[in-house]
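Novice: Residues per chain are reported as follows:
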Amino acid sequence: MMTLLHNDFVLEMIRLVLYAVGLIAFAAFNAAYLSLLERKIPSWFQLRYGPKEVGWWGLLQPVADGIKLLTKQLLVQRGADVVLFKLAPAMVVIPAIMCLATIPFSETLVPRNINLGLLVIFSFSAIHVIGTMLGGWASYNKYASIAAARVVAQNIAYEIPLLLILVSLVMITHSFNLHTIVDQQAGGFWRWNVLRLSASPLMPVAFIIYFICMLAESNRAPFDMVEAESELIAGAFTEYSGMGFGLFFIAEYANIVVGCALGTILFLGGWHCPFGLLPGLHWFLIKMYFLCFTVIWVRWSFPRTQFYGLLNLSWKVLIPIALANLMITAIMLKLF
Amino acid sequence: MTLAELTTRLQTLQGSTVTATDHSKQGVNLDITIASNVIPELARLMSEAKFALEAITGVDWLAEQQIEIVYDFTSYTSGIRVAARTRVSRETPEVATISDVHPGANWHERESHDFFGITFTGHPGLIPLLLPEDADFHPLRKDYGA
Amino acid sequence: MTFTPDTFYALIAAVLFAGFVAVTLLGAIVAVAARSLVRNVTGLALSFLGLAGLYYFLHSPFLALMQILIYVGAICVTIMFAMMLAELHEETRSWFMTILTGVGSFVAACAFAIPLILLVRRSSWMPAPAAQVNIGSIEDLGRALLTRYGFAFELISVVLLLAILGALAVARSGRKPNS
Amino acid sequence: MNFIHLSEQLNVYLMIGALLFAIGIFGFLKHRTLVGMLISGELILAGASLNFMAFGHFRAADPITGQAFTLFIIGIAAAEAAIALSIMIAVYRNYRSIETRDLKEMEG
Amino acid sequence: MWNYFKLIATGSWSLAVGMWIVLRHAFKRPVTVQYPYESVRLPARYRGHIELKREAAGGQPKCVACLACQRACPSGCIALDGVKPEGAPRKVLTLYTLNFTTCSLCGLCVESCAFDALQFSKDYNLASVRKEDYQMDLLTPGEKHS
Amino acid sequence: MSIEAKSIHRETFVINLGPQHPATHGVLRIKLTMDGEYIDDAEPIIGYGHRMQEKMGENRTYAKFLPNTARMDYVAALFNSQGYVGAVERLAGITVPERAEYIRVITAELNRVASHLLWAGAFLIDLGGFTPLLYTFDDREQILDLLESVTGARLTFCYYRFGGVCNDIDDEFVAGTRQFISRLRSRMPMYHALITKNIIFRKRCEGIGPITADVCRRYGGTGPVLRGAGVAYDVRKAEPYSVYPQFDFNVPVYPEGDCMARYRVRMDEIVESLRIIEQALDKLPAGPVMAEKVPRFLKPPKGECTFTVESARGSFGVRAISDGTDKAYRMKLRSPCFSNLSLFQECSRGMLLADALALLGSLDLVIPDIDR
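Chains as they are written, first to last, in numbering that gives the first Met the number 0: chain A, 0 to 335; chain B, 0 to 145; chain C, 0 to 178; chain D, 0 to 107; chain E, 0 to 145; chain F, 0 to 371.
Just so you know, the hints here were simulated from the structure itself, not pulled from any lab data.
Check the hints yourself; a few may be wrong.
[As the list claims (entries may be wrong)] Cut-off 25 Å, straight-line C-alpha distance, at most; resulting in silico cross-link-like pairs (SDA-like, lysine to any residue): (1) F:K196 x E:K130; (2) A:K315 x C:T77; (3) F:K301 x E:R70; (4) F:K196 x E:I20; (5) A:K315 x E:A8; (6) F:K298 x B:D142; (7) F:K54 x E:C102; (8) A:K315 x E:I7; (9) F:K236 x B:D21; (10) E:K5 x A:L194; (11) F:K292 x E:V109; (12) A:K315 x C:A162; (13) F:K236 x F:R217; (14) F:K30 x F:Y47; (15) E:K27 x A:W296; (16) E:K52 x F:Y47; (17) F:K196 x A:W43; (18) E:K130 x E:T93; (19) F:K196 x A:W296; (20) F:K196 x E:L6; (21) B:K49 x B:H122; (22) A:K333 x C:G149; (23) B:K49 x F:E255; (24) A:K333 x C:G141.
[Unchecked claim] Across the chosen pairs, the derived CB separations fall in these ranges: (25) F:D39 x C:F95: 36 to 42 Å; (26) A:G78 x C:A107: 34 to 40 Å; (27) A:Y307 x C:F150: 39 to 45 Å.
[As the list claims (entries may be wrong)] Covered stretches of chain A, going by a simulated chain F footprint (3 or more residues, C-beta under 8 Å): (28) 135-148; (29) 283-296; (30) 303-314.
Just so you know, these numbers come straight off a predicted model, no measurement behind them.
Think of the CB as a built atom: it goes at the ideal place given N, C-alpha and C, for glycine as much as any other residue.
From just these sequences and the hints, can you work out the full model?
Specialist: In structure tokens, the structure reads:
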């Protein structure tokens, strides 16, 4: 038994538990405070104040919302497929948190440094499509069914340009390891992948495509066809109440955070300072939350796209450009 | 189509009385009184003359035991406004539908059916529009609820 | 047996392994036995997730991730999409036929499974190689795919291309103007 | 056979593969719809690929062989699924023979 | 092909402009009025519920109970009564109630008053959960008539 | 054909859009028969907010019906009052002082601008864009402040009276209105950059929900819907009433007939209305705002007349029949939304759900106006 208390082992266990708790707390915290920002930022855009009653500057508003969601009953409507209905939120939220576990937040703060980190994120984020769709289908609600069909078509369409961009990125960086990819971008902002014009002159465009695909993959406006409230009320989540809805909510923001963190890692140099000085967690968070801000900013600036407009954008604009980027990258790699 | 042409065209309809009215006094340019069985023909004529149906108004003349139906037509090109009126008996108010010529009349006729109980024969679905689905009363009749 | 951190890790690994096996088999059973097609696909997805875990235990995380990415993320989603698009549902049959086909299929499946399992238990496989030429890393896999299996790799890509074209052609041929 | 070392036994994987195969066969015979058969077919393929992986890992001098084979199987399965589903959609579009109970059941 | 790239370029530009406009608004002062803490300035003609004007001396209502407001009210929400004491020049109000639940705030009563005895109050904090609170006794303001 | 027709039967399902749905702006219910995401048939079901206003018009004296007129099309309440007051004045032969007519035009056009601004914001909400609503509301609030300062109410203005208006406008109102005109003019380029030129908005509106001039004619669609279909019909020009002939203004017409055309018509109408208001303020004559000798209990002579005004949504008509008593014998209210909604069933056929909602939004419906 004494060996169990071996120093390294205890530390390792503590580390694991801390990271597990920390990640779930991080996901929940992000869901809570990004949702507050989701109300505060548009209030600035729209000449309003936003929530300001609960706590100073509305800082306790997410707590109040959370308590409200927790105390509400999870209603299952008659005719719904109860098992799938309750399975769906878990299938959405677990992969999202698992993706978070591979994100290197700084040089040292890495929950799990996996060699195939990029691939892990992509395979796990593919699961949430099934979860959303099951939720929509199992709700036994026509609006939710339509949303379930939409989420699949949308995600299939946007996975392709996303993967094409990532393939070209992997060709440049020769690695699936997120830590390595960030380390290659050390130095100033001119070494970031987004400005790595020597690898492919289309890199800034590739970043924009990545951002668009990330919006579409996490079903954010202007691609929020899945929960288009003026058409489908709340889409796939129409029938969810209480914490069932809360889990979808957490997963949505966790997906945004993962997408923004990945954008930071892949294109914006991760934890490196733009001027090559003092790298660290704060730079990572600044960049990541700036991307999150942009996500919210985009949401409150534009109307929703049409469904076929969205598919057209993917097939007629994003995929050709991504393919072109891939080919240019390959040619440049071969030439230089 | 000018007012004069329209007047001559309308006068050819059987049993019609066409009166040119002062727009500033009456709000319409032409006032036609016509027999109820000529209504479909009138509607076709107005449709050919590119007139739009603006409204169908029922009036319950309790003293005469008659129900008057006023069709308001407007031309979007010339701005001419025509009111065509016909009277049917109050017990069995029946007139042929014009919703086949003016699809917009569909709702107006349903509304008049709701309020006055006028039966528009040939109407595709004369079910209550504004009143509850099971309404069997006609609130704009003068003897309703009075 | 002394209880060292290593045994603790091994125990966790064993529990995880058992969990993956359970998910794989239970998912597979749901995939064939459930009456609703959506549940079938969900079972299939779960089964593949478990299978990915088993691949991880076989020291090939790349395959495990590809399994998730392609089977769960693409194939299962596509099946579901097709079901939504075509509104497919299981045919309803009389209870007699249901029981008959169920029992018949079960017997047939057992006829395959029991000899196979017996074969696995009885036969002695050739011994493990003394040394492996590589560790099966993703670099080795990539090199092998482009050298030794280059022909098969190209063939697969042609097959996939043909499949895509064929799928497009078939799906388009059913489309009538005005419908 | 120790529980802890279960994951290091070739036979365990082979048995799981055999069971998946059998379940696939069961489903293939039981289901009569295209989707059901497709699902079962994927299970059969999964059983086969698990065998490849297990043999490749435990008994082959070059573990790549099993992995490469499994990758090819995944590719083939993807192609198969694409073709099968497009056929299903085409059949459905032309005949619409399959019942659509659920959406009709939902009132209003 | 040219149009394709042009559309992409103009489209992206329009999106960027839109985002810029929205961002610019973020630095403007909010226009909302935080109601319980601050309230908007009511215009002089603000039509609240009615109240009785009173004589400068004595505080008696100017109302002579002529019933004009009651007659003018479309909703029939005013009820008033007055008696003429012996020797007094005019009637004295004994009852003036306003059923605010049916009042439509049209202001016809104030217009109808020939004695300048009615005015609109500036009271807009009228929320209540009890219906009885809206049976207003205007003779003794502040006390709710029930 | 026969075999084909038998084997291909459309698999449809029914969705109830409403009575409570974010896109119906009120208690409208649309029974959608859907083929996947495509609409096979859309049957509007109305009457949830029906109040039998026409019967009230017969049961109340003429003056007592005035507040009701603001409660049909509550977004553009002054037009209903204008139509009703105009009809009764025509019936009773009352001439309105010119200053009152000018004030009516100014306030009504302000109301039109407010209504169109509200529509633009609500339409963007239908399309999923939330922010423009707050900007248009900001501008609309300015109008409501102005109208409140002269009428005393912000929404259900009961302002027009037989023979004039109940309150005169003051210099403060005139100055405020001029200030507002310049403010809104300076904001129009912002709206165009934010909304009109936005590629997503354009993609969602251009070519979506086409309504032809013939469809408008057959269904009696009027207002911006008709002008967006390329017909330059405006009651203010076609049958001039009030003092409109004295003003110089254009009737914006766009021939495309799609949602974008309707949007552009309304945005242009805002500009035209501002021009009208400016001219009216410039020419505003002095004088009384109320005709003399209008009896308190009006008893128009026996007769019948109609009065049509160009409301913010189309032509709003009142047919009043008097039997010589103080109550109308028949008070027919022709609401523009009623006809505009009736063409939805035909025009939405075969559209995608999202596009149909864009079409529904572009019709600018006020449900209580339909239900009356």
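Novice: Next step is simple, just say for each hint if it's right about the structure.
Specialist: Consistency of the hints with the structure:
1. At roughly 51 Å between alpha-carbon atoms, K196 (chain F) and K130 (chain E) are farther apart than 25 Å, so this suggested pair is violated.
2. For the suggested pair K315 (chain A) and T77 (chain C), the alpha carbons sit about 21 Å apart, so the restraint of at most 25 Å is met.
3. Of the supplied pair hints, the one linking K301 (chain F) and R70 (chain E) holds, its CA atoms being roughly 24 Å apart against a limit of 25 Å.
4. Restraint check for K196 (chain F) and I20 (chain E): satisfied, since their Cα atoms lie roughly 12 Å apart, inside the 25 Å limit.
5. Straight-line distance between C-alpha atoms of K315 (chain A) and A8 (chain E) comes to about 14 Å, which keeps the hinted pair within the 25 Å bound.
6. Distance restraint check for K298 (chain F) and D142 (chain B): the Cα-Cα separation of roughly 22 Å lies within the 25 Å cut-off, and the hinted pair is therefore satisfied.
7. Of the supplied pair hints, the one linking K54 (chain F) and C102 (chain E) holds, its CA atoms being roughly 19 Å apart against a limit of 25 Å.
8. Pair hint K315 (chain A) plus I7 (chain E) holds up; C-alpha atoms about 11 Å apart against a cutoff of 25 Å.
9. Distance check on the hinted pair: K236 (chain F) and D21 (chain B) sit about 17 Å apart at the alpha-carbon level, within 25 Å; holds.
10. Between the alpha carbons of K5 (chain E) and L194 (chain A) the distance comes to roughly 24 Å, so the proposed pair stays at or under 25 Å and holds.
11. For the given pair, K292 (chain F) sits about 19 Å from V109 (chain E) by alpha-carbon distance, which is consistent with the 25 Å threshold.
12. Between K315 (chain A) and A162 (chain C), the direct Cα distance comes to roughly 21 Å. Compliance with the 25 Å bound is thereby established for this hinted pair.
13. Distance hint between K236 (chain F) and R217 (chain F) is fulfilled; the C-alpha atoms sit about 21 Å from each other, no more than 25 Å.
14. Simply put, K30 (chain F) and Y47 (chain F) have alpha-carbon atoms about 14 Å apart, close enough for the 25 Å limit, and the pair holds.
15. Using a Cα cut-off of 25 Å, the hinted pair K27 (chain E) and W296 (chain A) holds, with the two alpha carbons roughly 16 Å apart.
16. At roughly 41 Å between alpha-carbon atoms, K52 (chain E) and Y47 (chain F) are farther apart than 25 Å, so this suggested pair is violated.
17. Of the supplied pair hints, the one linking K196 (chain F) and W43 (chain A) holds, its CA atoms being roughly 23 Å apart against a limit of 25 Å.
18. A hinted pair counts as satisfied when its Cα atoms are at most 25 Å apart, and K130 (chain E) with T93 (chain E) qualifies at roughly 23 Å.
19. Among the hinted pairs, K196 (chain F) with W296 (chain A) is consistent with the structure: their alpha-carbon atoms are about 18 Å apart, no more than 25 Å.
20. Between the alpha carbons of K196 (chain F) and L6 (chain E) the distance comes to roughly 12 Å, so the proposed pair stays at or under 25 Å and holds.
21. This hinted pair checks out: K49 (chain B) and H122 (chain B) have alpha carbons roughly 22 Å apart, not beyond 25 Å.
22. Simply put, K333 (chain A) and G149 (chain C) have alpha-carbon atoms about 20 Å apart, close enough for the 25 Å limit, and the pair holds.
23. The hinted pair formed by K49 (chain B) and E255 (chain F) meets the criterion: a straight-line CA distance of about 20 Å does not exceed 25 Å.
24. Note on K333 (chain A) and G141 (chain C): the hinted pairing holds, with a Cα-Cα distance of about 18 Å set against a maximum of 25 Å.
25. Range check, D39 (chain F) to F95 (chain C): Cβ separation about 39 Å, and the 36 to 42 Å hint holds.
26. Restraint check, G78 (chain A) to A107 (chain C): a C-beta distance of roughly 35 Å satisfies the suggested window 34 to 40 Å.
27. As the Cβ distance of Y307 (chain A) to F150 (chain C) is approximately 41 Å, the hint placing it in 39 to 45 Å holds.
28. For a cut-off of 8 Å, the count of residues in the region 135-148 of chain A with a CB near a CB of chain F stands at 4, and the three-residue condition holds.
29. Coverage of the region 283-296 of chain A by chain F is violated [criterion: at least 3 residues with CB-CB distance below 8 Å; count 0].
30. With 6 residues having a Cβ less than 8 Å from any Cβ of chain F, the region 303-314 of chain A passes the three-residue criterion, so the hint holds.
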